[in-house]
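A.B. asks: The lines below spell out each chain.
Protein chains: 2
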Amino acid sequence: MSQQSQFLYDRVYDLIVDQIRAGSLRPGDKLPSLRRMSLQLNVSIATVMQGYVNLEREGFIRSRPQSGFFVNSNHRAAPQLPSATSPKPIVRDIKMTSIVLEMLRLSRQPNSAPMGTANPASSLLPVRALGRTAHRVVTRNPAAAIDYTEPAGHHELRRQIAYRMSANATVVDPEQIIITNGASEAMALTLKSVTSPGDTVAVESPTYFLLLQLIEDLGLKAIEVPSDPTNGLNLDAFEEIVSDFPISAMLCVVNFNNPYGSLMPDASKERLVAIANRAGVRLVEDDIYGDLHFGPYRPRPLQSFDRQGNVVLCSSFSKTLAPGYRIGWIVADRDREEMLSRKHTLSIANSSITQMTIAEFLASGGYDRHLKQFRRALKQQVDRMRYELAAVLPATTRISQPQGGFVLWVELPRGIDVTKLFHRGLEEGVNVMPGTIFSPTRKFRNCIRVNCGHPFDSVIEGGIARLGQLVDEQN
Amino acid sequence: MSQQSQFLYDRVYDLIVDQIRAGSLRPGDKLPSLRRMSLQLNVSIATVMQGYVNLEREGFIRSRPQSGFFVNSNHRAAPQLPSATSPKPIVRDIKMTSIVLEMLRLSRQPNSAPMGTANPASSLLPVRALGRTAHRVVTRNPAAAIDYTEPAGHHELRRQIAYRMSANATVVDPEQIIITNGASEAMALTLKSVTSPGDTVAVESPTYFLLLQLIEDLGLKAIEVPSDPTNGLNLDAFEEIVSDFPISAMLCVVNFNNPYGSLMPDASKERLVAIANRAGVRLVEDDIYGDLHFGPYRPRPLQSFDRQGNVVLCSSFSKTLAPGYRIGWIVADRDREEMLSRKHTLSIANSSITQMTIAEFLASGGYDRHLKQFRRALKQQVDRMRYELAAVLPATTRISQPQGGFVLWVELPRGIDVTKLFHRGLEEGVNVMPGTIFSPTRKFRNCIRVNCGHPFDSVIEGGIARLGQLVDEQN
Numbered sequence: 007m008s009q010q011s012q013f014l015y016d017r018v019y020d021l022i023v024d025q026i027r028a029g030s031l032r033p034g035d036k037l038p039s040l041r042r043m044s045l046q047l048n049v050s051i052a053t054v055m056q057g058y059v060n061l062e063r064e065g066f067i068r069s070r071p072q073s074g075f076f077v078n079s080n081h082r083a084a085p086q087l088p089s090a091t092s093p094k095p096i097v098r099d100i101k102m103t104s105i106v107l108e109m110l111r112l113s114r115q116p117n118s119a120p121m122g123t124a125n126p127a128s129s130l131l132p133v134r135a136l137g138r139t140a141h142r143v144v145t146r147n148p149a150a151a152i153d154y155t156e157p158a159g160h161h162e163l164r165r166q167i168a169y170r171m172s173a174n175a176t177v178v179d180p181e182q183i184i185i186t187n188g189a190s191e192a193m194a195l196t197l198k199s200v201t202s203p204g205d206t207v208a209v210e211s212p213t214y215f216l217l218l219q220l221i222e223d224l225g226l227k228a229i230e231v232p233s234d235p236t237n238g239l240n241l242d243a244f245e246e247i248v249s250d251f252p253i254s255a256m257l258c259v260v261n262f263n264n265p266y267g268s269l270m271p272d273a274s275k276e277r278l279v280a281i282a283n284r285a286g287v288r289l290v291e292d293d294i295y296g297d298l299h300f301g302p303y304r305p306r307p308l309q310s311f312d313r314q315g316n317v318v319l320c321s322s323f324s325k326t327l328a329p330g331y332r333i334g335w336i337v338a339d340r341d342r343e344e345m346l347s348r349k350h351t352l353s354i355a356n357s358s359i360t361q362m363t364i365a366e367f368l369a370s371g372g373y374d375r376h377l378k379q380f381r382r383a384l385k386q387q388v389d390r391m392r393y394e395l396a397a398v399l400p401a402t403t404r405i406s407q408p409q410g411g412f413v414l415w416v417e418l419p420r421g422i423d424v425t426k427l428f429h430r431g432l433e434e435g436v437n438v439m440p441g442t443i444f445s446p447t448r449k450f451r452n453c454i455r456v457n458c459g460h461p462f463d464s465v466i467e468g469g470i471a472r473l474g475q476l477v478d479e480q481n
Numbered sequence: 007m008s009q010q011s012q013f014l015y016d017r018v019y020d021l022i023v024d025q026i027r028a029g030s031l032r033p034g035d036k037l038p039s040l041r042r043m044s045l046q047l048n049v050s051i052a053t054v055m056q057g058y059v060n061l062e063r064e065g066f067i068r069s070r071p072q073s074g075f076f077v078n079s080n081h082r083a084a085p086q087l088p089s090a091t092s093p094k095p096i097v098r099d100i101k102m103t104s105i106v107l108e109m110l111r112l113s114r115q116p117n118s119a120p121m122g123t124a125n126p127a128s129s130l131l132p133v134r135a136l137g138r139t140a141h142r143v144v145t146r147n148p149a150a151a152i153d154y155t156e157p158a159g160h161h162e163l164r165r166q167i168a169y170r171m172s173a174n175a176t177v178v179d180p181e182q183i184i185i186t187n188g189a190s191e192a193m194a195l196t197l198k199s200v201t202s203p204g205d206t207v208a209v210e211s212p213t214y215f216l217l218l219q220l221i222e223d224l225g226l227k228a229i230e231v232p233s234d235p236t237n238g239l240n241l242d243a244f245e246e247i248v249s250d251f252p253i254s255a256m257l258c259v260v261n262f263n264n265p266y267g268s269l270m271p272d273a274s275k276e277r278l279v280a281i282a283n284r285a286g287v288r289l290v291e292d293d294i295y296g297d298l299h300f301g302p303y304r305p306r307p308l309q310s311f312d313r314q315g316n317v318v319l320c321s322s323f324s325k326t327l328a329p330g331y332r333i334g335w336i337v338a339d340r341d342r343e344e345m346l347s348r349k350h351t352l353s354i355a356n357s358s359i360t361q362m363t364i365a366e367f368l369a370s371g372g373y374d375r376h377l378k379q380f381r382r383a384l385k386q387q388v389d390r391m392r393y394e395l396a397a398v399l400p401a402t403t404r405i406s407q408p409q410g411g412f413v414l415w416v417e418l419p420r421g422i423d424v425t426k427l428f429h430r431g432l433e434e435g436v437n438v439m440p441g442t443i444f445s446p447t448r449k450f451r452n453c454i455r456v457n458c459g460h461p462f463d464s465v466i467e468g469g470i471a472r473l474g475q476l477v478d479e480q481n
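Protein chains in written order, with this note's numbering: chain A, 7 to 481; chain B, 7 to 481.
This is chain A alone, in the form it adopts within the complex (with noise of 0.2 Å):
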């Protein structure tokens, strides 16, 4: 199947797709004829065909033999989003490490529904791909394989990084860039020299627990800042929160937040700028997902709207390419040197041999021509996950819609013990992170985080029926 006419079908598919979503086609609704579909659409009916195939096969429509396709009529109304928080304004000590690694520790059962973790599915990376790369790699160069690249990390592979960020905004000099393993230790030795202990940290409400992680280990507390599902942060709550308390920094991840899937706006991400460098307030962002929209357009970084090197971003590679590769990495100013200290200190450099393949990997073009197929896929799922996850829960069930990443946020009625819902999960194969752990004082306890990185399968079908009936029991 060539690239174009891929993107014929997907055309279709978004299109119908949107409409059951917009609520203009409901349960039962007739699709418009392959030949209407065919005229509105300028591509020929052989391309709706496939799109509607494309659309059944994935659960959203069935045909009727001689009467056409018709909307699936266990889909019910599109779900409402989950609420904007609005945590209060406390300073808090944290205590959730053991917790957390505790529930990750249970996740780890080979053969339960991977709606846990939030992970892609290895079969929508390019396994083979990259291993052919590490082949040439160290074959090519096998001694500089072997031996240590310079502490902020091989250059090509910093080039290549810079390269893309800016193109996309941000002008970013290789030279400002440290490789890390994964964006946790990006984020740890951030944190690290740009607080001290007993300082506080602001954090998102709810926010990726292993934030809440680095903050407790570093001996820091932290104050939750209101969010909402579409845009993130709010920033008139931030801005009185910076205004009423010492915060050191903010810790935010404005693109495709974990677990909201939120995208802050352009216009925000620049207020929220302005208003932390007023505040003298560091900012500290994640942009682990970035790569990963669903719309036409990667979203800039928050860094980009800074001026003052006050905005430290940390990524990674982790949840695009190659979780196991352990590659992720800071861009800073005015912090780096210091950074660079702590990094030489703590591990030296990171290995030499995943460098070496992801900078290949890049600078071949494999990069994008992967993230291209895997963005389409990961909307797929998540569409097709919001979908079946509203068929089996209740019908006050509220689920986030967001515009890139793979994870959805799924508020239960009021009542839902998702505690319980976990251990009951774990007996019944079910994989879902609880609520509790995104917040310092464990609320939301109503909801669920599930992750859409696996293609719908039997066993992801299978797990979110079995949660369905998890739900009714404690309804």
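Hints in this document: simulated from the structure, not taken from any laboratory.
Everything numeric in this text was worked out from a predicted model, so none of it was measured.
There are no misleading hints in this set.
In this list, chains with the same sequence are indistinguishable; a pair is considered to hold if it fits within one copy or across any two.
The calculated EDC-like cross-link candidates involving lysine to aspartate or glutamate, where the alpha carbons are at most 20 Å apart (straight line), are:
#1 K101 - D341
#2 K198 - D223
#3 K101 - E344
#4 K101 - E343
#5 K36 - E62
Following the hints, put chain B in place on chain A, whose structure we already have.
C.D. replies: Structure of chain B alone, referenced to chain A:
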């Protein structure tokens, strides 16, 4: 050349070098005739000849036509060993990182003689064999190579490490092992777990500068323990220090300490463990040089003498196999859960390819085959460098005589300023580490550490000659 005949050449070689060292063969002395040696060692005349040719190539002897082989006349009497140290027992704040990193940065000069950082030449490492192994690993299991391993590390790697250690008097369960980004991350995770900020840790004198950097990074204080260049740590002094000061942990390298190359006898290891256990002082052991013994047996780690889970062992393959793979490990008992939490929070896990490749290389016997040749090469290089340095440096210079590893500690005459020497060396393309960075008080102002990880060649020969001139400039 068969392994068998190599072994015989080496016997000839070692016998002569040992006699030169011991002074029973002196400059100008004639070596035993080929025939006499052949009878004495019960080997062929051709074998003795090859052994003598190797000795000549390494500069120990030279042939005079028609007369036979003679101990080289530029050979001086074997240099004395450096003095044992006696630092004042004072708890000190550490402020080393910036000066160390600046020196390491300056040292990265591609064209200077590689006598600075303690690294083996890649020509001595099995770069192609490891490359082939990496290729097999990614071809056979591309999805696993791209995916995360468990946070504690690839299970087969941990099994192989445990197996090797258990063959060496240390019964280790793979579940006790945590794979880390080199020994530096291992030490960082360990120190963070066994100390609290403000605590005092004891270090050898001299000690490896990275340990001082870690102590600084964690907000700890240090106290130096007297040591000697043969047996390492002075245990009487250690016993006194732990009774006089509240010490949380002792960091030590009992097997071929960097920079002394000292080897603590087993009886002393046993006593060290007993003292520490009695005093409630944690022992943190860095065993990265243990596999590089020049004698016939692998020395036992300190941990093998401990029955109370008080010793934490840190090690890596960075000095022995593949610096750029960044594979180290911790063997811990009672602190293992806390360290694993921290490892998970800081970097999730190590890169999978490098772990899988080393696991396979260990399982195939490739590592043991490599070590055999590598140890031999290092012993010859260390001997040769010691000999060459003694030939150009002032007669009162003292040089360590390590029994393993690949660094020499050189005590120059009093009055020589090694910081000046370091900077002049950079101008002249000679790279040695100044002794000042091996102590929190920047003593050892007349000492240098010389890397012997590279085969002796004209670049190193020229470097040593220039080093001699630079010392003479100051003398």
